Amino acid sequence: MNFSEPCRLSGLLGRISPDGRCLASCVQYRLIVRDVSTLQILQLYTCLDQIQYVEWSSDSLFILCAMYKRGIVQVWSLEQPDWHCKIDEGSAGLVASCWSPDGRHILNTTEFHLRITVWSLCTKSVSYIKYPKACQQGIAFTKDGRYMAVAERRDCKDFVSLFVCSDWQLLRHFDTETQDLFGIEWAPNGCVLAVWDTCLEYKILLYSLDGRLLSTYRAYEWSLGIKSIAWSPSSQFLAIGSYDEKVRILNHVTWKKIAEFEHPATVANTKTVVYKEVEKPSAVEMERLSFPPTRALSSSLFSTQSKYDISQVPVSFQYIKPVADRANPKMGIGMLAFSPDNCFLATKNDNIPNAVWIWDIQKLKLSVVLEQLCAIQSFQWDPRQPRLAVCTGNSKVYLWSPAGCVSVQVPMEGDFQIVSLCWHPSGDSMALLSKENFCMCYLEREEV
Amino acid sequence: MGDWKTVTVPVLSSDSKNIFQYTSEKKISPPSMNSQVLRLPLPSSKSMHSFFSAFCTEENIEQSISYLNRELTTLGFPSIYVEPKGKELNLISIINCMNELLVQQHKNLRAQEEVEMQHLKLGSDMDHLQNSYAKLKEQLELSKREIVGLQERDRQLQSKNRNLHQLLKNEKDEVQKLQNIISSRATQYNHDMKRKEREYNKLKERLHQLVMNKKDKKIAMEVLNYVGRADGKRGAWRTDKTEARNEEEMYKVLLSDYEQRQKQLLVENAELKKVLQQMKKEIISLLPPQKQKPKERSEDGPVLSDLEEDIGELNKENMWELSCETVREQLTNSIRKQWRMLKNHVEKLDNQVSRVHLRALDDKDVISREDHELETEKLELEIQQCKEMIKTQQQLLQQQLMSPCDDDTTLLLQDCYLLEERERLQEEWRLFREQKKNFEKERRSFTEAAIRLGLERKAFEEDRGAWLKQQFLSMSTDHKHSENVTTSSSDQDGRLLNSTSQQRKPHCTLSGPVSAEPCQTSQYVSRNSSNAASKKPAGDSKPNQWEESDEGEIE
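So the protein sequences, as listed, match chains A and B.
Everything in the first sequence is counted per full-length UniProt numbering, starting at 1 for the first residue and increasing by one.
Everything in the second sequence is counted per full-length UniProt numbering, starting at 1 for the first residue and increasing by one.
Derived by calculation from the structure, the hints in this document are not laboratory data.
FRET-style restraints, in silico, Cβ to Cβ:
1. B:Arg206 x A:Trp222: 29 to 39 Å
2. A:Cys374 x B:Gln400: 26 to 36 Å
3. A:Gln28 x B:Gln398: 46 to 56 Å
4. B:Gln400 x A:Thr266: 30 to 40 Å
5. A:Cys374 x B:Arg206: 43 to 53 Å
None of the values given here were measured: they were computed from a predicted structure.
Here a beta-carbon is modelled for each residue, glycine too, at the ideal position from N, C-alpha and C.
Let's have the full structure, built from the sequences with the hints guiding it.
Below, the structure is given as structure tokens:
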């Protein structure tokens, strides 16, 4: 495992291009495009204001930079550095901006979610989508980029509109039986749309591409409901994480629950492997101390090594009960992710913030639990193989695969608190992001 | 009848043995009635006389008669006098009175008997009743106590029941209350939300108007030049045709998805059907042959065979046919039937086996079980041993793995161990090589000795041959001469022998040790041959002497 030198970064805006050749990072108002393997600067662009959002187009030829305060979106071309494009929303304001799947249209959501403007880079046409819903996931594109689903709200009722992305024609418009739609997500096969309700109501509706309601699922009433969902890559399963600390798996044939995964504070099953991160006292040889201390020495002096130990079941985890009178409590299943081969599901129970739970989908059982020393910040699966990278806000990155578990210290001087990470599309490397810096981690083929 | 006592008349006559004092006190008194009932036995005539004479003597006849008369009249009998104040006795009336008295007496006796019987009966009845009364009283006491206890328990349980009911009711009420609260809050919340949302929508509309009205030049896109589409095609107008095309495309996508799924399901179905068929075949093969269960089989036999035939026919078509309801049902039904039969069969076998076990008379079974147990014990021991071994190995492995991570000294120690071993190995190698050298040397010397031996033998044979020839020649010449010559020759032989034997000895000593020089041997051989050549006559006894001495030396 090799690590690159750290580079400046602001706002956790580090993105790898979809073709995997370049990496875009933002420092204040500058956009820096680097080569992924060498981190050499390829292009440098300057924007008008502090950049708040960066996104690559799907063909990796363009990058959009959104500045919400000024209401401006600037688009840069990699092939032609002289080419420029600026979209000014003016008094309409800007809250969100994203590319369309064909990489030639930009969808801007104006302030107060008044409307979504579709700006085209190839024609002079502009389209408007009225009454978009102000929710977490209001726009969803199918994986093949053909269709777009937009959540709308008119007259205190929720609707979903389906558009054809090629000509932005409205395909279907139907109302949903939700109280207050919280999010929509397409299945990877592009034929089913999952629509779920606010956390006050546990309800998830499944619509077919042509707007028919396929099924409704309600697990219980009254208590807080759905917190997060995830589709399996083959569209066979839909995992629903809820505030009652359980994940329910629905199958695509009957849309009924086939499994319920619990996340208790004590794990007693002997077949589950629990990896516990323990601190390893680092051995420093006194003779090698020198002044001024070298970089490697300083990092090893001030950071503690850690390794994984296998704990014997039964194991108890640190359980946190959140304050009852606050909204959006830190409880329930907050993160869900399927592995790309559809064999594993990684979950995080916000009541047990230091643990990652890995479930074997073939057997529908809990396979592994990773217990960390600090709270989990994020985890992400390798896009090619069942390998999970976890970061917990310290300067270590943790990798799990069915072969085993490893904890790697990033050799960096000073503090490097990894808050987020993202894999390279080929699965050979990943970008580790902290508030101030980022670095690239290159993995060798045989590792883990 | 009231008390009547008879007058105790004093003892009068001499034969007073028969006189008995007759007291019968007849009282109507309580229980001790069975005691003193004395019967009046019929007195013998003699005693009667004496008895009767006791009452009436010759002096007091008249008095006794008048007394009798008085008694009889008071009892209601007619007077025994003819006239009331006369002294003539009415015999007839006396006899009548007597008869009457006798009859009464009989009656009284009978009555007395009856009364006595009744008395006895009543007594036993009374006893019986008393006993049963006592028992019943006891039972009654017990039952009363039991009842009291049960009543107490009943009361307690009832009160508990009431409490629980109350609690349940309370809980239910609370739950209901909470649910009501929740629902009311939810409706309130929804209502508020809707109100706020309407307000918000109004704001949005207003704002939208403002934004649209302003026609702000600012809302614009500035681009250097328009970029071509990603797929290289030109943009198209939105028409109905395009709408229709979009719908078509959408349905195509959906259909392809469904088709794919259906294909998968078909494949799965076919596999499962195959598996079921296989299972059916195997079950049929497992089941006992038809002769054992003629009844069942005969009933199902033709049906089954029909089904099987049908299924067999249809199976060929199944591969291409989509799931046909009837075929599927038939298959599942037939499998279910077979499975049931197999289950029955297995159950019967189980019963048989259990019966056999219950009997447990067969030595075979006992022994086999014992063997089985022994074997299992052995296996368990083996397993334990293996487990222990694995544990120890694991521990050792862990130690080995752990130690290098913890300390460098252990690494060094390990190196030391390795060095030791290596040095030991080297030592051994050295020794081995030395031994090898020695063995080589020995082998070489042995070979040389063998060669020498061979050569010596050859020489000796030659000598022998020569000597024999000489002997023969000498013998033939001596034969011609006198006997002396032979003796002298024999003496000569002896002297020669001695000399040769003396000569032999040093040679033998020379040939004894292995590490003799080869040149010496060759010299010896040559010398021998020369000797043989010179002393032919002495050659005869040479071989014997040589052999003996040689043998002696060598041994």
